[in-house]
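Quick note, the sequences are listed as chains A, B and C, same order. As numbered in the UniProt record's numbering, residues 1 to 82 make up the first sequence, in order. As numbered in the UniProt record's numbering, residues 1 to 777 make up the second sequence, in order. As numbered in the UniProt record's numbering, residues 1 to 151 make up the third sequence, in order.
Honestly, the hints are just simulated from the structure, not real lab data. Treat each hint with caution, since some may be false.
Unchecked claim - Only part of the chain C face toward chain A is listed, based on derived beta-carbon distances under 8 Å:
# : residue
1 : G43
2 : F66
3 : P101
Said to hold, decoys possible - Label-pair ranges, simulated between beta-carbon atoms:
#  : chain 1 : residue 1 : chain 2 : residue 2 : range
4  : C       : G74       : B       : K436      : 50 to 58 Å
5  : A       : K81       : C       : K137      : 53 to 61 Å
6  : B       : D546      : A       : P43       : 27 to 35 Å
7  : B       : D766      : C       : A76       : 42 to 50 Å
8  : C       : G74       : B       : M722      : 26 to 34 Å
9  : A       : V59       : B       : I758      : 24 to 32 Å
10 : C       : D28       : B       : H557      : 52 to 60 Å
11 : B       : S746      : C       : D28       : 27 to 35 Å
12 : A       : P43       : C       : D28       : 36 to 44 Å
13 : C       : A14       : B       : D766      : 37 to 45 Å
14 : A       : Q69       : B       : H557      : 50 to 58 Å
15 : A       : K81       : B       : R602      : 29 to 37 Å
What the hints assert, rightly or not - The list that follows gives simulated cross-link-like pairs (lysine to any residue, SDA-like), each with its CA atoms no further than 25 Å apart:
#  : chain 1 : residue 1 : chain 2 : residue 2
16 : B       : K495      : A       : R13
17 : C       : K29       : B       : M722
18 : C       : K10       : B       : D482
19 : A       : K36       : B       : D482
20 : C       : K10       : A       : R5
21 : B       : K724      : C       : K10
22 : C       : K24       : B       : R765
23 : C       : K24       : B       : A528
24 : B       : K495      : A       : D41
25 : B       : K721      : C       : L48
26 : C       : K10       : A       : E82
27 : B       : K761      : C       : T38
28 : B       : K721      : C       : K10
29 : B       : K751      : C       : D67
30 : B       : K505      : A       : R13
31 : C       : K10       : B       : T329
32 : C       : K6        : A       : V67
33 : B       : K558      : A       : W12
34 : A       : K36       : C       : Q9
35 : A       : K36       : B       : E553
36 : C       : K10       : A       : V67
37 : C       : K10       : A       : V15
38 : A       : K36       : C       : D67
39 : C       : K10       : B       : K505
40 : A       : K79       : B       : Y555
Only a predicted model underlies this, so the values are computations on that prediction, with no experimental measurement involved. Every residue gets a Cβ at the ideal spot worked out from N, C-alpha and C, and that includes glycine.
The lines below spell out each chain.
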Amino acid sequence: MSNCRYTAVATWRWVANDDNCGICRMPFDGCCPDCKVPGDDCPLVWGRCSHCFHIHCIVKWLNSQQVHQLCPMCRQEWKFKE
Amino acid sequence: MLRGDKWPSMRPTVLKLLRQETVSRAEWQDLFWLVHLQTDAVCLWDEKGASKVHQALQEDILDFIKQAQARVLSHEEDSALLKAYIAEWGKFFTQCDYLPKPFGQLETTLTGKAHSTMQKKNQGEESIVRKLMLDSWNQSIFNNIKHRLQDSAMKLLHAERNGEAFDSQLVIGVRESYVNLSSDTDDKLKIYRENFEKAYLEATESFYKTKAPEYLRLNGVQNYMRYADAKLKEEEQRAMRYLETRKGCNSVAVLTECCVDVLVTVHKETILAECEQMIKANETDRLKLMFSLMDRVHEGIDPMLADMEKHISAEGLADMIEAAETITTDSEQYVDKLLELFNSFSLLVKEAFKDDPRFLTSRDKAYKFVVNDTRIFKLELQLKNKNVGIKSQPESKCPELLANYCDMLLRKTPLSKRLSPEEVEGKLRNVLLVLKYVTNKDVFMRYHKAHLTRRLILDTSADNEKEENMVEWLREVGMPADYVNKLARMFQDIKVSEDLNVQFKEEHRNNNEGLADSINIKILNAGAWARSSDRISVTLPMELEDYIPQVEEFYRHKHSGRKLQWHHLMSNGIITFNNEIGRFDMEVTTFQMAVLFAWNQRPKDRISYESLKLATELPDTELRRTLWSLVAFPKFKRQCLLCSPEVKSSQDRAREFSDDTIFWVNQEFAPIKNGKVQKRGKINLIGRLQLSTEKTKEEDNEGIIQLRILRVQEAIVKIMKMRKRITNAALQTELVEILKNMFLPSKKMIKEQIEWLIEHKYMRRDEENINMFIYMA
Amino acid sequence: MASMEKRLQKELQALQRDPPVGVKVDTDKLTSNLSEWTVNLTGAPGTLYEGENFVLHFKFGSRYPFDSPQVIFGGANIPVHPHVYSNGHICLSILTEDWSPALSVQSVCLSIVSMLSSCKEKKRPPDNAIYVKTCSKNPKKTRWWYHDDQV
């Protein structure tokens with residue numbers, strides 16, 4: 001008996017330090033309130049401070065800040081994690 | 001005679017005019033002049049001058065009318081009488097236009113200067129002289145002979161109804177005299193309506209009051225309907241001829257209504273009694289006739305609607321039950337049967353009732369009943385006694401079968417291969433049509449998604465374009481957007497996975513001894529695909545075990561912040577199987593692969609159940625199920641594995657394996673085609689890919705119920721939030737409306753969820769009215 | 001549903017399921033799109049406000065949680081506190097400059113309770129009289145000079 005082809009099926013989930021987005025309070029497994037389907041179209045982003053949000057939520061927040069751009073959770077300066 | 005009284009000079013011309021004798025231009029002009037002088041004279045000398053002329057004029061008119069009456073009444077026979085009257089009236093009526101003209105000036109004086117502007121406007125039509133003429137005619141000749149006139153006219157009408165011909169102008173002439181006679185400017189048709197129309201209606205009614213029942217008695221309902229229909233049309237035509245049809249006059253409508261009453265309404269019950277039988281016998285022409293008659297009667301078609309609903313429900317069910325044996329096992333035949341029924345009912349509605357919306361509604365209602373009936377087969381959705389405490393209600397298996405049928409059309413199957421793309425599309429559209437009538441669409445959605453998952457995982461779609469079309473069609477028929485979006489999402493994931501595969505293979509081309517090429521990864525979005533996520537441990541073949549961390553590493557690199565969960569249940573592969581007969585490529589599930597690989601190093605060994613358990617690390621239920629699929633794959637004459645003691649009963653199948661049951665590879669295993677043993681070939685051992693374990697299958701069904709509970713709660717809160725206060729009945733109606741594209745909540749479920757929401761302070765009952773709910777946020 | 005409403009719905013559920021001590025949402029006074037809330041606060045035991053009841057009014061704009069809510073004390077009993085004006089306005093930096101979308105009704109309430117709890121002497125802010133006469137109705141329009149960062 002030997003293998004000749006294998007289809008491996010996996011599902012992916014976000015690895016986040018919390019279940020919900022600190023801004024919109026929606027679960028990370030779901031999407032932000034402005035999106036319809038979770039996944040690639042409503043991704044999560046991490047800051048250097050290790051806090052994570054829906055990208056749509058954090059961008060909305062950063063855009064509303066004129067002077068300092070701070071992480072909503074820890075108030076450190078927000079920098080996207082590379 | 002007073003000074004300036006010109007009447008004596010006017011009179012001869014006036015009399016000539018009345019008698020319709022020739023009046024010369026000079027005489028005509030003189031009359032104008034004389035009236036003018038008279039008017040001036042009145043103004044200057046005598047206040048009473050004008051009314052004197054009026055009086056004199058009246059005397060002469062009455063005198064003339066008296067003579068005319070005598071001339072008319074000299075005729076005994078009806079037609080002659082009518083003819084004479086019409087002739088006299090005709091003359092008189094013409095003069096009603098001429099005679100008033102010279103007196104215009106005088107009238108201005110009589111009615112006073114204040115109204116002079118109005119006078120001008122209404123001159124002619126409402127002249128005093130004209131009124132005087134008409135009123136005189138009305139009061140003298142008309143009142144004296146109107147009964148004779150009417151009687152004569154109705155006699156002629158009666159004769160016409162009995163098939164005798166006569167000069168219709170006579171009746172028309174009489175009607176016209178009635179119409180024109182009125183001098184009442186507010187209600188010009190008063191005399192006509194109160195006399196002629198009334199007599200006409202009475203005559204018609206009494207005619208059919210005797211004729212209709214007699215005809216019905218002698219000729220039966222079928223012929224009677226034709227008779228009534230013909231008579232209604234005939235009477236309408238006749239009414240158009242003999243009754244006044246000017247704008248604002250509703251005589252024809254009134255007459256028609258009267259005919260409907262006497263011809264149809266009175267015999268409604270007798271006619272309707274035949275409806276049921278006619279529907280059964282599909283007598284569309286007769287039904288069409290009945291429909292056209294009953295549609296004229298108040299609430300006439302309601303019993304027909306009820307008969308039709310009853311027929312469709314009964315006929316539909318009877319047909320389904322009769323074909324139960326084939327359709328319960330064959331979803332294609334089931335859907336075909338349902339469609340055949342639908343088409344035949346629709347044809348009936350079209351041919352007999354011209355697709356009247358009310359009949360379409362009845363058809364839909366009854367068809368819905370057939371589709372959702374649970375007598376033929378049912379789906380049991382069990383919910384074990386949890387806190388929710390909802391017991392299952394049997395449901396129609398229809399949505400499941402519809403989904404199965406879609407799968408047969410969309411998957412590579414003998415059926416889909418046989419059909420042209422247009423035929424497949426037509427059949428899919430048919431499914432959607434039936435789906436419209438399914439109350440519990442959530443069951444369809446669940447099965448459809450499971451089938452789609454299998455097709456996408458196993459790559460067995462017949463036509464990708466059609467797959468994606470189907471998603472859009474589901475959207476078009478109103479399936480919930482979040483559901484449809486998830487389906488669309490699944491296609492996207494497959495495409496994304498294809499790109500990932502290419503990239504992965506590029507990166508790993510040079511290591512892994514070429515394994516990367518034989519491996520295909522499908523990485524899916526957890527939210528769109530799987531609902532249950534049971535992790536089952538299994539020992540994979542060594543090469544695969546090594547390879548998984550590499551994929552994980554590769555993926556982590558591509559998408560930081562994501563973690564993968566492997567789904568061995570859905571994973572599958574092709575292995576090469578060698579035995580003494582030959583070499584076969586077998587499509588297998590991961591579990592089958594794990595079991596078969598137990599013989600990899602020891603192909604001839606006999607291995608006990610217990611040892612297989614150790615080797616594969618599969619949980620008991622899954623190992624049993626997998627082994628069963630290898631020792632007793634349906635339709636195989638020779639099985640892949642053999643076991644001892646042999647397991648015979650298919651009832652309790654895999655349960656019979658004990659720890660000591662021994663398994664070995666069947667060296668004789670081979671597919672048999674046309675009675676010949678094959679030495680090579682591709683064999684599919686997957687069958688229908690299991691998406692869940694035995695354990696979670698139950699949970700899946702529970703999932704449907706749980707989801708329904710959740711949806712009911714959500715919908716109630718949504719309604720309460722909007723309405724603030726709402727009665728129980730209104731709440732139920734709105735709830736069903738919101739959920740109609742998913743499922744029909746049972747009364748019991750609604751009640752329980754309301755209680756739950758009250759308990760959890762989302763809402764409360766009004767203290768004064770227990771049927772009123774109030775939102776509490 | 002607007003995203004502001006979705007988020008407030010979540011907060012409301014959480015607050016009702018698991019209310020913190022001394023904080024209670026008055027659900028009868030919620031508006032239909034949840035844009036206005038009334039929250040009852042109780043002074044913490046062992047503090048100057050022990051046993052006292054206060055009422056907080058929240059007003060949320062459509063940009064919430066990206067904009068802070070307007071929060072003022074209402075009702076008959078306005079706490080006498082160096083950062084609370086007699087018209088109910090509160091001088092608290094998280095309500096204006098230091099707002100973050102990660103804050104919530106619950107965290108605002110708890111901040112206010114703790115602000116009260118740490119008070120050593122019941123008195124009005126020194127500029128109370130002039131402020132109350134001249135201020136806008138909306139405390140968010142005030143350019144606060146924060147009295148004391150310690151509190």
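- Task: Return holds or violated for the Cβ distance of G74(C) and K436(B) against the range 50 to 58 Å.
- Result: 54 Å, holds
- Message: For K6(C) and V67(A), compute the direct alpha-carbon distance and say whether it is at most 25 Å.
- Response: Status violated; Cα separation ~28 Å.
- Query: Is K495(B) within 25 Å of R13(A), Cα to Cα?
  - Reply: 18 Å, holds
- Query: Is K721(B) within 25 Å of K10(C), Cα to Cα?
  - Reply: 15 Å, holds
- Against chain A, with CB atoms and a cut of 8 Å, does the hint on P101(C) hold up? Because about 4 Å separates P101(C) from the closest Cβ in chain A, which is inside the 8 Å limit, the hint holds.
- Are the Cα atoms of K24(C) and A528(B) separated by 25 Å or less? Answer violated: K24(C) to A528(B) is near 38 Å, above 25 Å.
- Task: Mind checking the alpha carbons of K558(B) and W12(A) for me, to see if they're no more than 25 Å apart?
- Result: 12 Å, holds
- Query: Is the gap between the beta carbons of D766(B) and A76(C) within 42 to 50 Å?
  - Reply: 30 Å Cβ-Cβ, so the 42 to 50 Å window is violated.
- Message: Tell me if the straight-line CA distance from K505(B) to R13(A) falls inside 25 Å.
- Response: Roughly 23 Å separates the two Cα atoms, so the pair holds.
- Query: Can the suggested window of 50 to 58 Å be confirmed for the beta-carbon pair Q69(A) and H557(B)?
  - Reply: Taking Cβ atoms as reference, Q69(A) and H557(B) lie about 28 Å apart, which means the hint is violated.
- Item | D28(C) and P43(A) - C-beta distance against the hinted 36 to 44 Å | 41 Å, holds
- With a cut-off of 25 Å on the C-alpha distance, tell me whether K36(A) and D482(B) pass. Since the Cα atoms of K36(A) and D482(B) sit roughly 7 Å apart, the hinted pair holds (cutoff 25 Å).
In terms of the numbered hints stated before, the structure departs from hints 1, 5, 7, 9, 13, 14, 15, 20, 23, 25, 26, 29, 31, 32, 35, 36, 39, listed from lowest to highest.
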